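Asker: Each chain, written out:
4 protein chains.
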Amino acid sequence: MAEVPPVLVNFKAYSEAVGDRALSLARAAEKVSEETGVTIGVCPSHVDLARVASEVDVPVFAQAVDAAEPGSRTGHVTPEMVREAGADGTLLNHSERRMLLEDLKDVCLACMNEGLTTVVCASDAVAARAAGALRPHAVAVEPPELIGTGTPVSKADPEVVEATVEAVKEVSEDTVVLCGAGITDGTDVKAAIELGADGVLVASGVVLADDPEEAMRDLVSGIP
Amino acid sequence: MAEVPPVLVNFKAYSEAVGDRALSLARAAEKVSEETGVTIGVCPSHVDLARVASEVDVPVFAQAVDAAEPGSRTGHVTPEMVREAGADGTLLNHSERRMLLEDLKDVCLACMNEGLTTVVCASDAVAARAAGALRPHAVAVEPPELIGTGTPVSKADPEVVEATVEAVKEVSEDTVVLCGAGITDGTDVKAAIELGADGVLVASGVVLADDPEEAMRDLVSGIP
Amino acid sequence: MAEVPPVLVNFKAYSEAVGDRALSLARAAEKVSEETGVTIGVCPSHVDLARVASEVDVPVFAQAVDAAEPGSRTGHVTPEMVREAGADGTLLNHSERRMLLEDLKDVCLACMNEGLTTVVCASDAVAARAAGALRPHAVAVEPPELIGTGTPVSKADPEVVEATVEAVKEVSEDTVVLCGAGITDGTDVKAAIELGADGVLVASGVVLADDPEEAMRDLVSGIP
Amino acid sequence: MAEVPPVLVNFKAYSEAVGDRALSLARAAEKVSEETGVTIGVCPSHVDLARVASEVDVPVFAQAVDAAEPGSRTGHVTPEMVREAGADGTLLNHSERRMLLEDLKDVCLACMNEGLTTVVCASDAVAARAAGALRPHAVAVEPPELIGTGTPVSKADPEVVEATVEAVKEVSEDTVVLCGAGITDGTDVKAAIELGADGVLVASGVVLADDPEEAMRDLVSGIP
Chain A
0 MAEVPPVLVN FKAYSEAVGD RALSLARAAE KVSEETGVTI GVCPSHVDLA
50 RVASEVDVPV FAQAVDAAEP GSRTGHVTPE MVREAGADGT LLNHSERRML
100 LEDLKDVCLA CMNEGLTTVV CASDAVAARA AGALRPHAVA VEPPELIGTG
150 TPVSKADPEV VEATVEAVKE VSEDTVVLCG AGITDGTDVK AAIELGADGV
200 LVASGVVLAD DPEEAMRDLV SGIP
Chain B
0 MAEVPPVLVN FKAYSEAVGD RALSLARAAE KVSEETGVTI GVCPSHVDLA
50 RVASEVDVPV FAQAVDAAEP GSRTGHVTPE MVREAGADGT LLNHSERRML
100 LEDLKDVCLA CMNEGLTTVV CASDAVAARA AGALRPHAVA VEPPELIGTG
150 TPVSKADPEV VEATVEAVKE VSEDTVVLCG AGITDGTDVK AAIELGADGV
200 LVASGVVLAD DPEEAMRDLV SGIP
Chain C
0 MAEVPPVLVN FKAYSEAVGD RALSLARAAE KVSEETGVTI GVCPSHVDLA
50 RVASEVDVPV FAQAVDAAEP GSRTGHVTPE MVREAGADGT LLNHSERRML
100 LEDLKDVCLA CMNEGLTTVV CASDAVAARA AGALRPHAVA VEPPELIGTG
150 TPVSKADPEV VEATVEAVKE VSEDTVVLCG AGITDGTDVK AAIELGADGV
200 LVASGVVLAD DPEEAMRDLV SGIP
Chain D
0 MAEVPPVLVN FKAYSEAVGD RALSLARAAE KVSEETGVTI GVCPSHVDLA
50 RVASEVDVPV FAQAVDAAEP GSRTGHVTPE MVREAGADGT LLNHSERRML
100 LEDLKDVCLA CMNEGLTTVV CASDAVAARA AGALRPHAVA VEPPELIGTG
150 TPVSKADPEV VEATVEAVKE VSEDTVVLCG AGITDGTDVK AAIELGADGV
200 LVASGVVLAD DPEEAMRDLV SGIP
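Protein chains in written order, with numbering that gives the first Met the number 0: chain A, 0 to 223; chain B, 0 to 223; chain C, 0 to 223; chain D, 0 to 223.
Some clues are possibly wrong.
Because identical chains cannot be distinguished in the list, a pair is counted as satisfied if it fits within a single copy or across any two copies.
Below, simulated DMTMM-like cross-link-like pairs (lysine to aspartate or glutamate); rule was C-alpha separation at most 25 Å, straight line [to be verified]:
(1) 168 x 102
(2) 189 x 161
(3) 168 x 123
Because the hints were derived from the structure by calculation, they are not lab data.
None of the values given here were measured: they were computed from a predicted structure.
One chain only, chain A, in its complex shape (with noise of 0.2 Å):
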């Protein structure tokens, strides 16, 4: 199983992240992973899983995943595609595609037999404590109403980070915290850190930045 990369960059469903452009984006994320020795792990949509797995050196996550078994479930995408597309993890509960309770523990149980790692996101401490009450290999906490901004949540909002990792912690040892929202530079990155973040989780910072290899060197320079 994946280690939870220090930076995680979601691709939504940005046109900018699409097909040959989901695959320049990996591309870049190789480089300065290369480049840095920070590993920088990629969040494709469902459908260019499979080609950026193949074609790109990167930890790769889906988007999300449904809570389904394989079998008759028209237009769900299972644990089992995901990981045979040659995805390491993925995301689940993103605020953009939350899940009921009940499913975000079937789901996360599902990966876990599937060798996937877990990203749950929440919105504040006390979603990621029952979040983090499912085990899963990462929580990455994003207050929703910072995502998209470039206001970083390690600015705007420095107590949810460390009640975040205070939370999760209490729960679930191993669980690694996550933050996101707002998140455009290494300043940021290292803001995160020193709140007792493990990582981050981007996306807008990135894809849509003029230059997304040299916005991701700049992310990078703030892990430690």
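With the hints as your guide, set chains B, C and D onto chain A.
Answerer: This is chains B, C and D only, laid out in the frame that chain A set:
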């Protein structure tokens, strides 16, 4: 705020427990409570909540509330509404009405602010630990496959009751544990209590009984 | 079965329209109806439905019902429940409580079987045509972007009203058309009727008015 | 834009149709199409879509797309994505992935704008009339209770096929009708066509067959 009653009867959407029949059932609960000194709470439908709460002297719980603030939320039932209707608390996340983890978190907090007692349902010990991490007043563990079967969870799957009690206490010492699914008589209740549960959540065992009053009397006999 | 009232007031989940305030609003509607001879229907929350229906003599509509048959459906509100509570009909598919197409189909049929008048909301003419194809008693077109703005659909987007009337009549001759979103006075109502609507669905324009009774009197002045 | 193929094979989330097995199944479809001159379309999972579309020469349909515009929509699959992956069209509203009426309306329009062929599933003639009112390229009627049974809808419930054809044509002359559920051989296909359907939607009858290629050859024999 109301204590969590040791016996909580969920009327669901049974025709046998709508309108005037809801009132009769609640009166039977009141009578058995008075006779025995064991508090029996009732969970009528949204539509019958106000009438039952105003006419009968038992703890009244909603079957669900929505994670909606007062305002422009057509068709939603807010914590404020059920409190104003006279409810003492509410079930949340019943297997027939599962909630998003984030909504469940928001609604637990909103209920607390309204002085409503929260009973969060969960399918097993892992879900119960996540539910417990939200610090509700009670977690009710109900393996969905046993609901409505007449085979009590305390007999079919005693481990799930014990594991739930342990998991919940681990994350929230003050949260009590109910158990449900297949409970029909005092023996089942007694077994549940011996496994560490603080009470039971029942539905068809009372609502569909030939003599619901007698069924409640029998259930209550299992409370020490 | 009740006719579709030409003015239907949706109480939503506004604090101003819960409990005793729901009753006062419904009484104001009753008073204006009696004075003017124009029927005003009211849509209280699930929790206030029974009390409003038993104490006030106006058509009472639920804000929503679930596509659930009576039985083991915790937290759901069935057509049977609202009829037994005294409702004459129900809104369905409001923009704040959208439904699956298949559930909407099932629930329209179930409401018909219970003798409930169905008012299906839709965001535009195409959705209205699909809604009309289910043959409800009324389709209410409400462009979501105008809800609560005070800018009436009849002024901001008159074409949507005309196109909806045409689309609905094309698939279901007997279905009437209401229009909503931003309606606050008699001028708006008059404009809606001139565009081919049979009536209006209003909420904040009445519920949040300084003087709801006066607001209803003004609205009704637009009915020919 | 692709025509609607007279035989459309839905791979669902069957393990038998994931990854390399998806490719093999699609190649078998290609072979039978070439042999017989009857077009067979395939619906692989999101994860296999791009690879099947690039390596096999048959019409490729997604199993679903989300009503999401490109952008900040983690875990969603947009019409743009599947088109860029090489899909010709998509299933929508399958009984295992039902959609909100409003989302279905939005996504039909978005697919049309991307040049994707839309096949909207419906459970019966009334739902099919509503689906047809959205003017998709095809409506596929599949009584959910027959899915996966091997009892063909054309035999178990011929009236539903006839009623659907009539209902759809009433609201959208150019929309074709497929029928599905329980279809396994050429006799079933022939019966469906005689009832007025333009083609069939099949899944387990092919995917779980001992010899899927032979199963497709048999199905195709029923096309006139």
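Asker: Where does the structure disagree with the numbered hints, that is, which hint numbers, in rising order?
Answerer: none
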